[in-house]
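Undergrad: Dock chain B against chain A, hints included.
Chains A and B, in that order, are what the protein sequence lines are.
With the working numbering applied, the first sequence has no gaps in its numbers, which climb one by one up to 286 at the end.
With the working numbering applied, the second sequence has no gaps in its numbers, which climb one by one up to 1235 at the end.
Read the hints as simulated data drawn from the structure, not as lab findings.
A few of these clues could be false.
In silico negatives: residues of chain A with every beta carbon more than 12 Å from chain B [to be verified]:
1. 32
2. 59
3. 100
4. 103
5. 104
6. 139
7. 172
8. 193
9. 230
Just the calculated beta-carbon pair ranges, DEER-fashion [to be verified]:
10. B:1227 <-> A:122: 27 to 37 Å
11. B:1103 <-> A:228: 32 to 42 Å
12. A:122 <-> B:1103: 18 to 28 Å
13. B:1161 <-> A:126: 52 to 62 Å
14. A:62 <-> B:1222: 49 to 59 Å
Quick caveat: nothing in here was measured; it's all calculated off a predicted structure.
Even for Gly, the Cβ is constructed at its ideal location relative to N, Cα and C.
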Amino acid sequence: MVLLTVPRGLRRLAATAASLVALLCGQGALAQIDGCPDSAGGPRDKVVIGSVAELVGAVGARMSRALLAAFEMQFEQAESELGKEALILYCDGRRIRDSGSYSASVVGILNDDQVLLEVGARADGTDIALTYVVIPIRHYVFFEDGQQSIPGYHQALYEQSRISAGLQDLFKGNAELRLMAALALALRHEKLADAETDAGRRRELIHRSRAFYCDAIGSLEAARPRNDFLGLPPSEWQALADFARTGAARLFQKAVADTSIVSTLSVVDSERGGQGAASSACLSLS
Amino acid sequence: MASFDEAAADAAKPPDLAEAIAALAKAIKLERETPSESGAIKWLKSIAEALLPSVVMFVLGFIFIQGVELDLKREEFTASAAEKLESYVNGLLTPKPNTSMEELRATALALGGFGGVAAVPLVSIVEHGEEQQIAAARLGLTQAGRVAPEQTCSTIASVIDDRTAAYRWQTRKTFVEVAGLVGCVDARAPLEELRSGLSAMVGLTAEQRSNFVQAIDVALKRIDAAKGRKRGWFS
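If we strip away everything but chain A, and leave its shape as in the complex, we get (with noise of 0.2 Å):
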């Protein structure tokens, strides 16, 4: 009641405190994602590199520059046009933080933000613990269907030496990286198809969508926990597989009840990563 009556004074403390955050955060200016460079804003889709510099220090140019190299080399095989569509983003002010804090309200504003992929590092005791946040499958899945069996909050853990070499190693030939990564595109792809109402453009998503399922069965293998407890944790995986498996048979069915896709339909190697995978939802039907 009295903060009811008082508010006179309080008004223009508030009036000038909304003008000085206007005047602190620039004229115009958009939200941006946490420590992350200002063209962070645009309206792409986005993968997140948080700070490495626990791992190595200070991260130069050249090594920011290997760094998003590394990243993009995950999608050549599948020939995902990741590096057309998507923007690779190292942020160095960036730490990536526990689950508790990619809450369904974060999460959601990231995937209002088109993020698709966050992957942080940091030290675990001999080992790095490389963390991913696969953004629409936290959103969607996690949060908004409940299935508590796939957070979409992953860690894996590496051996010291990997990044010997330079810390870029730690992502090129990574296939949690590129088996998330898919994962993460072919959700998006799959709700872009969903919302979409022109029939040509869904059919072009539901094709990519597909692809990326199937990419992302092509990299389990590669991705499966090791017997020396590096990885991802087995139950993890698991879920990972059979989100992947269930997703490659839902996009083909889909495909398949559209007739004017259905005569489309095919495989390349690319669209299974290369790896051989063993699901009859990414072989072709002719």
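TA: Frame of chain A, contents of chain B only:
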């Protein structure tokens, strides 16, 4: 002889004097019967008459002093509240590097406790902040809406009803969600208008548009469900 003289003297006295003496005797008798009552009233009257101006002055002075004191306290409270409000806004706007999400949430909840006053800076934080700040500000707005629904809902409705493209679509979506959580009846019409105009909004992917429509539908349902809700005395 003496009795004759007295009788003669009495006869010689004027009759009005005798009556006066009788009346005086009667009065004396009456005074003897209730001597204290009359004296107390008189005494009290005289005291009251003497003290009345002082009492009136004292009461007026007391009221005046209390008024001034209240004004001072109010100013003191405003200044202290303003300082707190400023510190909370700063805490949300420029969090220290190691600030946890829990700390941000606590700051946002404290800021939201100021009610409608807090909504103004929170709008700016949602518009310009980073994801953790936006999520905290969303919580603060919901808190503000529960403390002071009318004032906050007016701000919420104005953001949803933005016809000047002053805000990002993400900001408006956040306010759509808050409108539903608070149950802002004022926001119903702007929400329906926004929903019908969403297809014409440029710069959204099909997925973003679909999620936006879904958020509006959820908010409308929540507002309808909250219509019959009782509100606190403070609202």
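Undergrad: If a hint holds in the structure, say so; if it does not, say that too.
TA: To see whether the hints hold, each was checked on the structure:
The non-interface label for residue 32 (chain A) is inconsistent with chain B: the shortest C-beta to C-beta separation is roughly 5 Å, within 12 Å. Its beta-carbon lying about 17 Å from the closest one in chain B, residue 59 (chain A) satisfies the requirement of being farther than 12 Å from that chain. The claim that residue 100 (chain A) lies off the interface is violated: its Cβ sits roughly 7 Å from the closest Cβ of chain B, which falls inside the 12 Å cut-off. Distance check on residue 103 (chain A): its Cβ comes as close as 6 Å (rounded) to a Cβ of chain B, failing to clear the 12 Å threshold; non-interface status is violated.
The claim that residue 104 (chain A) is not at the interface with chain B is violated, since a C-beta of that chain comes within 12 Å of its own (minimum 9 Å). With a least beta-carbon separation of about 9 Å from chain B, residue 139 (chain A) fails to lie farther than 12 Å from that chain, contradicting its non-interface assignment. Every Cβ of chain B is farther than 12 Å from the Cβ of residue 172 (chain A); the closest lies at roughly 29 Å, confirming the non-interface assignment. At roughly 8 Å from the closest C-beta of chain B, the C-beta of residue 193 (chain A) falls inside 12 Å, breaking its exclusion from the interface.
The claim that residue 230 (chain A) is not at the interface with chain B holds, since no C-beta of that chain comes within 12 Å of its own (minimum 30 Å). At about 49 Å, the CB distance of residue 1227 (chain B) to residue 122 (chain A) disagrees with the hint of 27 to 37 Å. Between residue 1103 (chain B) and residue 228 (chain A), the C-beta spacing of about 38 Å keeps the proposed range 32 to 42 Å intact. For residue 122 (chain A) and residue 1103 (chain B), the hinted distance range of 18 to 28 Å is satisfied, since their beta carbons lie about 21 Å from each other.
Distance hint check: the CB atoms of residue 1161 (chain B) and residue 126 (chain A) are about 58 Å apart, consistent with the given range 52 to 62 Å. As the Cβ distance of residue 62 (chain A) to residue 1222 (chain B) is approximately 52 Å, the hint placing it in 49 to 59 Å holds.
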